[in-house]
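For reference, the chains in residue letters:
Protein chains: 2
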Amino acid sequence: MSRQMVRPGGRSARVQAAVHAAVRDLSAEVGRDALTVPLVAQRAGVTPSTIYRRWGDLRELLSDVAVERLRPEGTPEDHGSLRRDLTAWAEQFLDEMGSPTGRSYIRDALLGDPDGGNAGRCSAYAADQIRVIVTRAADRGEEAPDVETVMDAVVAPLMYRILFRPDGLDSAFARRLVARLLGTDEV
Amino acid sequence: MSRQMVRPGGRSARVQAAVHAAVRDLSAEVGRDALTVPLVAQRAGVTPSTIYRRWGDLRELLSDVAVERLRPEGTPEDHGSLRRDLTAWAEQFLDEMGSPTGRSYIRDALLGDPDGGNAGRCSAYAADQIRVIVTRAADRGEEAPDVETVMDAVVAPLMYRILFRPDGLDSAFARRLVARLLGTDEV
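Read top to bottom, the protein sequences are chains A and B.
Mapping the first sequence onto full-length UniProt numbering, position 71 (from 1) lands on 71, and the numbers just tick up by one.
Mapping the second sequence onto full-length UniProt numbering, position 83 (from 1) lands on 83, and the numbers just tick up by one.
Chain A on its own, in the form it takes in the complex (with noise of 0.2 Å):
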């Protein structure tokens, strides 16, 4: 997690614009493991010190990187009923966690997180979707299961075997739990 708080529009924000898309850059023209610190600076036109002074070490920039590149982009989309919009969300929340970028955006996030706050972030940003799905759908008058309850059937299980057990991990699967979860048949 970044050690300052950034202002929308002030040095603070272009600094991080800056140091992002050279790490982003860098790692496309020379390969993750060749990053290293004076190397972002010098492309970012900052100095080390002011890398070291915000993001502590790489390890931990490219965490913060990495949660970046997890924040979903816009709000889940509407397909009409609850089932159909967790049904889609998983099955996109799988292709792009599951892809080798995603799994390595993962792993960084993960790694150069000494508090836990970014591996929080990647969490909440799920959250947050699941929370437009469950609340638009309340607003039909669908029931729907509470956000937890689908952070425990959907997505810890998407994640996990992202994570640990990727063998024959495919969208049907995805499917496959929201249809447990909703006790429906699959879309």
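There may be inaccurate statements among the hints.
Unchecked claim - Cβ-Cβ distance ranges computed for the label pairs, FRET-style: (1) B/168 - A/114: 15 to 25 Å; (2) B/146 - A/49: 47 to 57 Å; (3) B/77 - A/148: 25 to 35 Å; (4) A/52 - B/57: 16 to 26 Å; (5) B/38 - A/52: 20 to 30 Å.
Unchecked claim - Facing chain B, from chain A, some residues (calculated, C-beta under 8 Å): (6) 52; (7) 107; (8) 110; (9) 111; (10) 125; (11) 129; (12) 138; (13) 152; (14) 155; (15) 157; (16) 159; (17) 164; (18) 177.
Treat the hints as calculated values from the structure; they're not laboratory data.
What you are looking at is a predicted structure, and each value in this text was computed from that prediction instead of being measured.
Quick reminder that beta carbons are idealized off the backbone N, C-alpha and C, glycines included.
Position chain B against the provided structure of chain A, taking the given hints into account.
Positioned in the frame of chain A, the structure of chain B alone reads:
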């Protein structure tokens, strides 16, 4: 994962035991962050190149040691019923994996693991234990869920929350997961 097969009692097994013991002892003495391959090699009485050849680098070695430490020590206790066996197992799993030491082993296991083999071994340990419990239940004539269902409903939420969402994680939560899966009251 170690790069060669280990024959029990052979030189390879002795090297592995010595290197693992050196990592454990030095971690306690000088702390994890001060470990280096030459330091571990010196303590274990092997050359650094033996370690590089067999484990690749320090991170992979730490991952290998972590997985060994996460190996369960015996078969799950028999408490007379599926519900009681699974509840006791889930409480103990959370206790061990959710401790600061457990968490740091899980992180090590995940991080120095380019091919995913070590994470898979951790998951296989849990699955093996669950298999003992549900097989025993079936032998008693109890109706029992299959292993993968228990992995999704009990193991995954515990591990997900340990890594990503530890707030409020306690043994009551472990008991609730089992009760939810089996559709019975908590023990």
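Interface hint outcome for residue 157 of chain A [beta carbon to chain B under 8 Å]: Holds, about 4 Å.
Hint check: 8 Å Cβ-Cβ cutoff, residue 138 of chain A to chain B: Because about 21 Å separates residue 138 of chain A from the closest Cβ in chain B, which is outside the 8 Å limit, the hint is violated.
Proposed interface contact between residue 52 of chain A and chain B, which counts if any beta carbon pair is under 8 Å: This hint is violated: residue 52 of chain A lies away from chain B, its Cβ roughly 16 Å from the closest one there, beyond 8 Å.
Given hint residue 110 of chain A near chain B, where the shortest CB pair must fall under 8 Å: 6 Å, holds
Chain B contact restraint for residue 159 of chain A - C-beta distance below 8 Å: With a minimum Cβ separation of about 5 Å from chain B (threshold 8 Å), the hint on residue 159 of chain A holds.
Chain B contact restraint on residue 125 of chain A - CB to CB distance below 8 Å: 10 Å, violated
Hint check for residue 114 of chain A and residue 168 of chain B - Cβ pair distance inside 15 to 25 Å: This hint holds: roughly 21 Å between Cβ atoms.
C-beta pair residue 146 of chain B, residue 49 of chain A: status relative to the range 47 to 57 Å that was hinted: Given range 47 to 57 Å: holds, Cβ gap about 56 Å.
Verdict for residue 77 of chain B, residue 148 of chain A (Cβ pair) under range 25 to 35 Å: Holds - the Cβ-Cβ distance for residue 77 of chain B and residue 148 of chain A, about 29 Å, lies within 25 to 35 Å.
Restraint outcome when residue 107 of chain A is required to lie within 8 Å of chain B by C-beta distance: Hint on residue 107 of chain A: holds, closest Cβ of chain B at ~6 Å, below 8 Å.
Hint validity - residue 152 of chain A Cβ closer than 8 Å to any chain B Cβ: 4 Å, holds
When the least beta-carbon distance from residue 164 of chain A to chain B is tested against 8 Å, hint result: 4 Å, holds
When held up to the earlier numbered hints, the structure conflicts with 6, 10, 11, 12 and fits the remainder.
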